[in-house]
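Number of protein chains: 2
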Amino acid sequence: MTSVNGFCNICVLLFGILHLSKTITPRTSFLFEPSLDCSSHAFHQTGTPGRVLSRFNASDVQNTTTLLLSPDAATLFVGGRDTVLSLDVSQSDGITLKNKFDWEAPKNPECNSLAFNQNCANFIRILQFINSTHLYACGSWAFKPQYTILTVDSLKVSKKPEHVKGHCPYNASERSTALVVGEDLWDADCTVSVHNLGGILLHINRREKHTTFLYGKLYTATTNDYFGKTPVISRYFSDDKNDLQLSDNSRVQKGATFIGSSYIPSEGKVLFFFREAGTEYNFMNKFTVTRVAQVCIDDNGGERVLQKRWTSFAKSHLVCQAQEQLPFNLLQDIVMVPAADAKSPDNTLFYGIFTSQWALTSGQSAVCAFRLADIKAAFSANYKTYIVETGEWKVQRNRDAILGKCGLHNASDHILNLVKKSFLTVNNIQAVGHKQLLTSKEELYSRITAQRVQAANGRMYTILYLLTESGFLHKIVLLKDGYHIIEAIQLFKSPQTIKSILVSITKGMVFVGSSEGVIRVPVSNCSFYSSCAECVLAQDPFCGWNSQSKKCIQLYNVNPNLCQDVENGNFTDQCKDSESGTLVPRKVIHAHHYEWVMLPCASSSGLERVSWRFSNHSIVPQSHYLQQQKDNLLVLVTPNTAVEFHCVSEKQGLQRTLAVFSLKPHSLGSSNHSVHSLDEDTLNSSLPLTQPKNYYVEMVVVSFLLVLCMCVLAVSIFCVQRQSRSTASPECNELSRISSAS
Amino acid sequence: MTSVNGFCNICVLLFGILHLSKTITPRTSFLFEPSLDCSSHAFHQTGTPGRVLSRFNASDVQNTTTLLLSPDAATLFVGGRDTVLSLDVSQSDGITLKNKFDWEAPKNPECNSLAFNQNCANFIRILQFINSTHLYACGSWAFKPQYTILTVDSLKVSKKPEHVKGHCPYNASERSTALVVGEDLWDADCTVSVHNLGGILLHINRREKHTTFLYGKLYTATTNDYFGKTPVISRYFSDDKNDLQLSDNSRVQKGATFIGSSYIPSEGKVLFFFREAGTEYNFMNKFTVTRVAQVCIDDNGGERVLQKRWTSFAKSHLVCQAQEQLPFNLLQDIVMVPAADAKSPDNTLFYGIFTSQWALTSGQSAVCAFRLADIKAAFSANYKTYIVETGEWKVQRNRDAILGKCGLHNASDHILNLVKKSFLTVNNIQAVGHKQLLTSKEELYSRITAQRVQAANGRMYTILYLLTESGFLHKIVLLKDGYHIIEAIQLFKSPQTIKSILVSITKGMVFVGSSEGVIRVPVSNCSFYSSCAECVLAQDPFCGWNSQSKKCIQLYNVNPNLCQDVENGNFTDQCKDSESGTLVPRKVIHAHHYEWVMLPCASSSGLERVSWRFSNHSIVPQSHYLQQQKDNLLVLVTPNTAVEFHCVSEKQGLQRTLAVFSLKPHSLGSSNHSVHSLDEDTLNSSLPLTQPKNYYVEMVVVSFLLVLCMCVLAVSIFCVQRQSRSTASPECNELSRISSAS
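Sequence order for the protein chains is A and B. The first sequence begins at 1 in the UniProt record's numbering and counts up by one. The second sequence begins at 1 in the UniProt record's numbering and counts up by one.
Same shape as in the complex, but just chain A (with noise of 0.2 Å):
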């Protein structure tokens, strides 16, 4: 029972602490407020006042599921259905269109009769710089793949369209993953920040000499059939057209998933992500596994055995499972973070979105981190070998790590016909910690990117952006124990199934693109938190208390004048000589009495913790006020009920008010509204009652009209009686009086 804002009498209701499982909870939560501007071709500004996305959606332009950044992150390359877009993104007040090459596939009844019609049209799959010019792009093409060479600057078709096989997918909806590495293109020891995966290219510092029309080599993992059952890993545009092939099926499995794919300048190698049959288990039943595998990018395939083949192919099985569990096996989506110190880029880590086979309890999606470090322990020690004869593996031991190394495509036949049967790790790569970093049991998330930042204190974090199939997009902090949910921002108002996703680190924006249009979401609005102690609870690495400004800032150095707690988000420390809230304005309620009122009080936080205070004109129970769903009071206006209400939110025992109510009851019987309600949409499962007619007012009234008549007849009595005995008395002159003027 404390005294706040000056109120005597405070009743203090702490209601049932909301679900605080920190498994999911983000901090703030912002969501989706459609546009009202639906023009065609238009940009337009969403969201809530606290989070402004911008859009680009046009009617021609869907299924955006490739999106390309151009090295100064000004201009977004994007793959839809039919079209190959330019948009310039560099404007903060709005996406633009700069070029547009329409790419239809011709209406094709045989394509049309198939299982799979609705993919009967041309959808981008792969958009690639090819050189510093030219963008590579590859489309379905209502299954039967064609690509193209375009000019970066006016997508002007370099290269006419033709058909090609095993660079990207006859049926749409089959994933795969390509990208380009040339000598001439890439600086083997540049800096790739983010680098593409699953077919979306983030950003990469590129060298600044233009070798015009010099191709780089294309490295891809796709399916190549009708039915997205025969996979290839394949190289192309290799010099002296020495382009590379899988030597047999059975390298990857039939019916493998390809999810992304990585290139690792320090290890000269081309990693690939795929999930496939795990054919070296006996389980129960079919059991699938996430692998990786890798291809060296100096590999020109053997002279006599493995001619045109990978001489450097190997795979080996991704795990992300936590002790005595059953493993999240399937992944779908996977990034790379480079080490945060160049010279170590065995450090560099792989975040991946996994689900499960199976229908497990402990949740939908788990994302796991996987050690460059930890793949390459695995590609040098011991391999797997199928003997075919008898159905089963032995261990190949690899003495002096022959096998896994790259330039074996000028060793001898013996060790190349090794290389043909042993390309299966011994040992499988656990994920960093031997756990998952973060397990939803409510989220399945579909698409991860992610990037690195400097905290104010100089400590580097990563940050994932993670897609949800409810169509939000959370923003996750990774701590040293665990991870904190920054924000969760609705994108779409409905799931979105094709959906690709990147960051621009250098601009601060992420990307997202869906089969309607592509939304720019900045990577921090640190002006929504408007106190020192909202900015520290955030845990936002990119935003700060300015303690001189007083405003929660970006930051874009390391700034250690400005407060901040990535870790702990300990405000207590941090905003000492800040005032931790805002005042807010009191909103007066009319209602009657009898009447069924909605507090509405939505907390921008799912962590904070809200309770409503009270003040009392008298001891009333508790009883009398009803929380609804969400952190809505629901209160029943009697004489006695309270008159100003408050909603409390607290975490880590910081207190904000975040509403004031006054409550004013209407004089009676003037309305027939059984529940008067600010928020309509709250009041949907609200307890709506009729207001009982109180005569009070008018026994009052009429009470007092009783005792007045009663006051007059009683003087009028006693002055007829006085009238009658004798002469009248100056009082009853005066009644006399009043009685002839009425």
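Keep in mind the hints are simulated off the structure, nothing from the lab. As the structure is a computational prediction, the values presented were derived from the model and not from experiment. Misleading hints may appear alongside valid ones.
No distinction is drawn between identical chains; accordingly, a pair holds when it is met within one copy or between any pair of copies.
Under the rule of at most 30 Å between Cα atoms (straight-line distance), these lysine-lysine pairs were calculated in the BS3-like manner [as the list claims (entries may be wrong)]:
(1) Lys165 x Lys229
(2) Lys394 x Lys254
(3) Lys384 x Lys286
(4) Lys308 x Lys394
(5) Lys376 x Lys394
(6) Lys156 x Lys144
(7) Lys420 x Lys394
(8) Lys576 x Lys551
(9) Lys229 x Lys241
(10) Lys394 x Lys421
(11) Lys435 x Lys286
(12) Lys493 x Lys441
(13) Lys384 x Lys421
(14) Lys286 x Lys394
(15) Lys384 x Lys394
(16) Lys107 x Lys156
(17) Lys286 x Lys441
(18) Lys405 x Lys165
With chain A fixed as given, assemble chain B onto it according to the hints.
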């Protein structure tokens, strides 16, 4: 809007259908009602009026984990802590103690220093008829197992207790199983109705020749060390001291848990059911599997190879798994139900309760059935041989189905060497229908027993009796397509971990042993169902409606004249000539206006849908009436509230009025109670509200007085004026008289 029971203005509120998931909803539930009589060695009756349970509790009888019924089902032998009892269970009015054998282990400081010191007593783990006049008993005897032979009639010691290894476990908390088979003791082709499993003997037809002190042979499977790690499967009391053991530890994995055993006369085999590490599988982590192992009763061990060892041991994997889902891999209890036709013993079924080593979303426990024919097929097909050198399994083709056969103790050394290596079948034994018969998300089933019963129309049905960890007995009938939980009877107020169960088919009784004593539950109580519809809806094969006597009676024979429909509970066809309900008395509720009233209505069946119907004086919004948790109705009493409320349950179109309430509003202002309730317990989460003061009556009285007063005043003034101008009128004289009088 129908007209029911003469109401002209009936509103029908069909509230949200209660959780109708058939998975776990029993039709009728009987909750625990503790007995008041708690005297020592007391028999008492407890339970609801619908279900009377007989209990035998005694302060010195605890942990009655072992139950054995005499062939005439008149005597129940009970093995508890430090004691063996014989109870007379033949009297319907109670259970009485016949004899008692105290068999205490001495206080042993060595034992008490062990980690398991709560088990430092003599827990009787085996009770078996060793012949027609004697009982074999084995107890853990504070980690130094002892056995003894007692007389059946008086529980006198016939052979002094002596230490023994391999009969029953050292640690009483370890599971074990044992049974006695003897050529001289049992008919080879006798009808074993339901055999003993998990140390539970059920009901056996025994030969009538008494061969005193000629023992049957004891088959046991138990752990055989302090820590319960060493599993042994053995035979004792063999002819010529030719007792048999497992040949080596690899046959049953270290740490195996034995669940049950079964004698199959048609095969001359004993089957053991257990779980152990599934070493033939290669999954991410240790994977436990459920096994069935066989030994032949004619086995005498090999001459040179496998001397004094089983030559007939083989094991297979029992799979309780639905398509593509994770298996329920941990057997908890299993019961044998002989084939309906004794001439085709291959149709013998085994019903097992399974849980999973993982937390599955599909449920906590499942029941699977296995057919003897499928078990035989697995044992006569190919075997796996473990190659120690390579750590791999090879397939051993079973030419002429030699492996798994009985009589191999006479075979050549070559064959016996093959038998020694090849004891695991290649084929798994799938559950009947390759699926679970039932899965339960809520209940953890711990023990099972079962019986076949013939319905009124002659069809055979299987009844499962399942004990839940929460202290309930579920009685379930297996239907053509699914199952139906007929009853859920609460036996224990709090969960009981040590339990045993057996059914007496001839007496129609289920016996349950717990840590506190023995409970006897009749297999049915048909008289609970008071109408034809309820009797048929119960779908209980034991019960049928007799149209003549208008009673729901227990079936003893096929009787097509009784109304019964076990498969569908279709009472419309069955109860054509019978009335379908009984009259319910009306309850009068006195309440104040603006008071909340809780109207209780408890449907005994979770499968029924409860709705409320009420008469209205005027049109009132339904929102006045709030249905609380369960089926109770919370009503705000207003001048407009309905006066009569009917609680109606509905199943398959049958409407049954469960309760009728009349609301009588009190005179105003005479009570301060804010909530009026008929059932205090159901009110815990109700919505109490104060009754606002209504001044209507007061206002009417005051208004009347005001009008009267004004009339008097008006007349008075009129007279005064008249008097002052001229002579008094007769009316004014009258007024003056009144004034004078007042």
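Results for each hint:
1. Taking the shortest alpha-carbon separations for Lys165 and Lys229, only the intra-copy value of 14 Å comes in at or below 30 Å, while the best inter-copy value is 59 Å.
2. Proximity of Lys394 and Lys254 under a CA criterion of 30 Å is satisfied in both settings, with 22 Å inside one chain copy and 26 Å between copies.
3. For the identical chains of this complex, Lys384 and Lys286 are neighbours both inside a copy (19 Å) and across copies (21 Å), given an alpha-carbon limit of 30 Å.
4. Taking the shortest alpha-carbon separations for Lys308 and Lys394, only the intra-copy value of 27 Å comes in at or below 30 Å, while the best inter-copy value is 37 Å.
5. Only within a single protomer do Lys376 and Lys394 lie at most 30 Å apart by alpha-carbon distance; the minimum there is 21 Å, versus 34 Å between protomers.
6. In this assembly of identical chains, the alpha carbons of Lys156 and Lys144 lie at most 30 Å apart only when taken from the same copy (22 Å versus 90 Å across copies).
7. Within a single copy, Lys420 and Lys394 get their C-alpha atoms as close as 14 Å, and across copies as close as 26 Å, so both meet the 30 Å cut-off.
8. In this assembly of identical chains, Lys576 and Lys551 lie within 30 Å of each other by CA distance solely inside one copy; the values are 15 Å within and 81 Å between copies.
9. Taking the closest pair of Cα atoms, Lys229 and Lys241 come within 30 Å of each other only inside a single copy of the chain (27 Å); across copies the shortest separation is 64 Å, beyond that limit.
10. Proximity of Lys394 and Lys421 under a CA criterion of 30 Å is satisfied in both settings, with 11 Å inside one chain copy and 22 Å between copies.
11. In this homomeric assembly, Lys435 and Lys286 come within 30 Å of each other (Cα to Cα) both inside a single copy, at 23 Å, and across copies, at 17 Å.
12. With identical chains, the CA atoms of Lys493 and Lys441 are at most 30 Å apart within one copy only, with a shortest distance of 21 Å there and 33 Å across copies.
13. In this assembly of identical chains, Lys384 and Lys421 lie within 30 Å of each other by CA distance both inside one copy and across copies; the values are 8 Å within and 27 Å between.
14. Taking identical chains as interchangeable, the C-alpha atoms of Lys286 and Lys394 lie at most 30 Å apart whether they share a chain (21 Å) or sit on different chains (21 Å).
15. In this assembly of identical chains, Lys384 and Lys394 lie within 30 Å of each other by CA distance both inside one copy and across copies; the values are 5 Å within and 18 Å between.
16. When the C-alpha separation of Lys107 and Lys156 is checked against a cutoff of 30 Å, the pair qualifies only within one copy, where the shortest distance is 23 Å, while the shortest distance between copies is 95 Å.
17. Taking CA atoms no more than 30 Å apart as the test, Lys286 paired with Lys441 passes in both settings, with 24 Å inside one copy and 25 Å between copies.
18. Proximity of Lys405 and Lys165 under a CA criterion of 30 Å is satisfied intra-copy only: 29 Å inside one chain copy versus 58 Å between copies.
Figure legend: structure checked against the earlier numbered hints; every hint is met.
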